[in-house]
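*Asks:* The residues making up each chain are set out below.
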Amino acid sequence: MPETTPKATPDNTIPDDSVGIIVPQTMHFDEPLQLSCGRTLNQYELVYETYGQLNSDASNAILICHALSGNHHAAGYHSTDDKKPGWWNNYIGPGKPIDTHQFFVVSPNNLGGCHGSTGPASINPESGEFYGPDFPLVTTSDWMHSQARLADRLGISQWAAVVGGSLGGMQAMQWAVDLPARIRHAVVIAAAPRLSAQNIAFNEVARQAILSDPEFHGGHYLAKNTLPRTGVSLARMVGHITYLSDDAMGSKFGRELRTETISYDYDAQFQVESYLRYQGEVFSESFDANTYLLMTRALDYFDITEQFNGNLTAAMAQTQCKFLLVSFTTDWRFAPARSVEIVNALVEAGRDVGYAEIEASQGHDAFLLPIPRYQELFTAYMNNIANEVSAT
Amino acid sequence: MRPDQSIIQQWVKPNERVLDLGCGDGSLLQRLKQQKNIYGLGIEIDQPEITECIRKGVNVVEQNLDHGLSNFPDDSFDTVIMSLALQAVRHPDEVLAEMLRIGKQVVVTFPNFGYWRCRLALAGKGTMPVSDFLPYTWYNTPNIHFCTIRDFEKLCADNHYQILDQRVVDHDHQSSWWMRLYPNLLSEIAIYRLTR
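Line order of the protein sequences matches chains E and L. The numbering of the first sequence is the working numbering, which starts it at 1 and goes up by one. The numbering of the second sequence is the working numbering, which starts it at 1 and goes up by one.
Hint data in this document are derived by calculation from the structure and do not stem from the laboratory. Just so you know, not all the hints are guaranteed correct.
[As the list claims (entries may be wrong)] Derived EDC-like pairs: lysine to aspartate or glutamate, alpha-carbon spacing no greater than 16 angstroms straight-line: (1) Lys56/L / Glu376/E; (2) Lys56/L / Asp352/E; (3) Lys56/L / Glu388/E.
Excised from the complex, chain L in its bound form (with noise of 0.2 angstroms):
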C-alpha cells in the first residue's frame, strides 16, 4: 500500500460514507470498503480509469471537476478526498470550498512547488521542474496551479479552514525528521486534515 494511503486510511472511520475526488483506478476506495465497510464513491473524468473501477466493484461516477460539485448535498459525506489533483483542477480554492461543504472533513494531498528541487530547478537552471514524480513539460502538464506548502496553508487561514493534521513525505511516500522540521523546503507530497 502507498503510505499515504495507508495515512488516509487511519484517519477514516468505519462504515463512513467517503468521496473521492479524481479516484484513478478505485485502489484506495476498494481497500477502504474492504477494511472499514465505508460507503466509498470516486469521481474520475479519465475513461480507462473509469473502467478499471468497474471491474474492481468500486463505486465510480463520471464527472468533471471543473463542472462543479453542486450535485453534492451539504454534509452529505464524512470524508472527501483528493489525492494529488488539486493542483489539475481549473479553480482549486472553489474545489476545496466546496470539499469543505460537502464532507464533514476533508482530506487532500498535493506535490509540494517548494520541494528544494524545484527551487532548484527554478532558480538554478532557469526552467520549470521536471522530474520522474512530475515528469511533464510546463505546456503539456495538466497540473496548472502549483502551489507550496506556505501557499496553501495560506489560502486556510485566508478561509478559516481548520488544519487538523499535516503529514509529509518524499516521492516514495517516506517521511523523515527532517522533512517535518523543514516541510515547505525538504517534502515533496504534502497531506492535509481539514474541516471548516
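Extracted from the complex, chain E is given alone in its bound form (with noise of 0.2 angstroms):
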C-alpha cells in the first residue's frame, strides 16, 4: 500500500472558519534602515501575509508580530496538502477572535528570520555570499521600524491593533512606547516588561548549544554546505521545555517508556526523551541558526524601560493606545507576575488596560491553543475595536 499524507482535511478541503488558502507577498525596501547596533541594512525584504481587506479609510488594520520561532504564516494554509494551517489559526479567520469578516491583518516575517524576510541565511546583494554571522543583530525596535514602514507602503498609518504573544507581545509593547501615534490598542499576551536573568540564561544555553557544535563553523556554515543540526536540535530541546509546564510534560508523558524495559544505556527511553529528540531534529532541519542566536539575543536585549532608567511607569506613561493583556497560570517562561508588573504601571500613568490570568495547563505555549476562556475574552475585546471602526 502507499504511504498517504495526512493533509488539510481527509478530503482536501479547507475548513469554513479558515482564512482559506493564503499566498505570502514580498516587499522590497530600498531606503537604508539605521539598526539599533549602529549598522545599516541599504536594502532587505520582507514576506508578509495579509488576511481580510482594507477598509476605505484604512482604519482596521491589524498587525500580528510572532514569537521567537515564528514567521509570516499566522492563519489559513499554503496549499491543501498542508498538514497544518498557519501557527495563530485558532485566533485569525473568520469569526475568529481577530475577525478576518472586520479587520485586515497584516503577518510579517521579522527581519533577521529565515522564512523570506531578509536574514543571515539570504543572499547579501552586495557581496553575491551568504550573510551569514555577518548578519547584523537586529531589536524589537529595529522590527518595529521596518514594520512602519511595511505599514506605510500598504496605506496604514495608524494601526487598529497591535497584537503578539511572547516576543511578539514585546513588540506590541515597543510599538506603544515608541510610535504611540501609529497604535489605537495593543494586545500583549504571555509577555514580560524585560528578561529575567533566568530568561536569558535559558537563551545562553541555546546559544551555546549552536556556537560549540562544530558544523556552526563560526556561523558561515550555509557556505560550507553543511547545517549545525545537533546544536540546533539541542537550543530547541531547552527552548522547547521552558514553553511546557510540568503539569502538561506530566500528562503528556509522566514516565512512559517507549521500550517495556529499561536498557541501561543513553538512547531514548523514556517519551519525553524521543519526543525532545524529534521536535529538535525537525526544527533543527527548517530553522535557521543564525536566526536563532539573533532572535534570542533580539529577546535579552529587550528592555521597555531602556530609555526611562528602568522606570516601567514612565516608558507607559508615554503610550497612548489602550492595552488587553494577558497571562497564563502555568506559565514560567513568562509568568503572569511579569504580565501584573506591566499592567500595575499601566494603571499607575492611568492608561485604559484589561487584564485577565487564564487558568491552563499548557505553560508558555498555551498562548496559541484554544482555550475557551481565552478566546470569549479577546474575541468581546477586538469586537470593541471592530465597534470603533465602524463607527468612525
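Fit the two chains together into the complex; they arrive one by one in their own frames, and the hints show the way.
*Replies:* So this is what it looks like as C-alpha cells:
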C-alpha cells in the first residue's frame, strides 16, 4: 500500500472557519534602515501575509507580531496538501477573535528571520554571498521601524491594534511606547517588560549549544554546505521545555517508556526524550541557526524601560493606546507576575487596560491554543475595536 | 440605576481616579466614566464578570483581594469603592486599611447583620438568616465576615477612621426616616464614606 500524507482535512478541503489558501507576498525596501546596533541595512525584503480586506479609510488594520521561532504564516493554508494551518489559526479567521470579516490582518516575518524576510540565510546583494554571521543583530525596535515602513507602503498610518504573544507581545509594547500615534490598541499576551536572569540564562544555553557545534563554522555553515543540526536541535529542546509546564509534560508523557523495560544505556527510552529529540531534529532542518541566535539576543536585549532609567511607569506614560494583557497560570517562561508588572505601570500612568490570568495547564504554549475563556475575552476586546472602526 | 450607585456617584468628583474593588460587571465604573469622565479601574476575580467588563470597555484587572493590594501605591486613587464585598474577604480590617492607604476617600457598602430580620431568624428560629438578598446557607456562603452597623463603626473608631457620610437603605436600595432613626435595626444595607 502506498503511504499517504495526512492533509488539511481528509477530503483536501479547507475548513470554513479558516482564511483559506494564502499566498505570501514580498515587499522590497531600498531606503537604508538605521539599526540599533549602529549598522545600516541598505536594502531588505519583508515577506508577509494578509487576511481580510483593508477598509476605505485604512482604519481596520491589525499587525500580528510573531514570537521567537514564528513566521509570517499565522493563519490559513499554503496548499491543500498542508498538514497544519498557520501558527495562530485558532485566533485569526472568519468569526474568530481576530475576525477577518472585520479586520485587515498583516502578518510579517521579522527582519533577520529565516522564512523569506532578509536574514542571515539570505544572499547579501553587496557581496553575492550568504550574510551568515555578518547579518547585523536586530532588535525589537528595528523590527518596529521595518514594520512601520511596511505599514506606510500598505497605506496604513495607524494600526487599529498591534497584537502578539511572547516576543510578539514585546513588539506590541515597543510600538505602543515608541510610535504611540500609530497604534490605537496593544494586545500583549504572555509577555514581560524585560527578560529575567533566568530567561537570559536559558537563551544562553541555547546559543552555546549552537556556537559549540563543530558544524557551525563560526556561522558560515551554509557556505560550507552543512548545518549545525546538533546545536540547533539542542537549542530547540531546551527552549521547548521552557514552553511547557511540568503538568503539561507530566500528563503528556509522565515516565512512560518506549520499550517494555529499561535498557541501561543512553538511548531515548522515555517518551519525553524521544519527543524532544524528534522536535529538535525537525526544527534543526527547517530553522536557521544564525536566526535562532539573533532572535534569542533580540529577546535578551528587549527592555521597554531602557530609555526610562528602568522606570516602567515612565515607559508606559509614553503610550496613547488602550491595552489588553493576558497571562496563563502555568506559564513559567513569562509568568503572570511579569504581565502584572506591566499592568500596574499602566494603571499608575492612567492608561486604559484590561488584564486576565487564564487558567491553563499548557504553560507558555497556552497562548497558541484554543482555550474557551481566552477566546471569549479576546473576542470581546477585538469586537470593541471592530465597533470603534465601524463607528468612524 | 441602583440608588446606592446614585449615592456613590454624588461623592465622586469629575476626572477623579476611581478604584472599584469587586467591580462585578463594571456598570458603576461605566456610568462614572460617562457622567464624570473618571479614570476608573475595576478589580474582579469572577471570570464571566471580567469578560463583561472587557465587553463594556471598562478597565479591569483580575486580582484576588485576599492576596492584598500592595501593588497600588499610597494615595494613587481619589476614591476607592467596595460595594457589598467587605463581608466576603478574608481580612476585612486589613482590606479597609489598604483602601484608606490607596484612596483619599473610601466608599464601602455592606449588608447590615443587625437588621431585624437577621435578628429574628437567629433569635426566633435559631438558624442563620437566609433571604432573597442573602440567599446562601452558612456552609456555602461567600460571605464569611458579617458585621452590624455598630460593629463597623467600632472598627472605624478603634482605627481612628473618619466617617464623612453614612447612608442606610433596604435591599431595594430605598431609604426612609425610620431607617435613619434606627439604622442598625431597620436598615439592610449600609453605605459609608470614610477617610483617614
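*Asks:* Tell me the numbers of any earlier hints that the structure contravenes, in ascending order.
*Replies:* none
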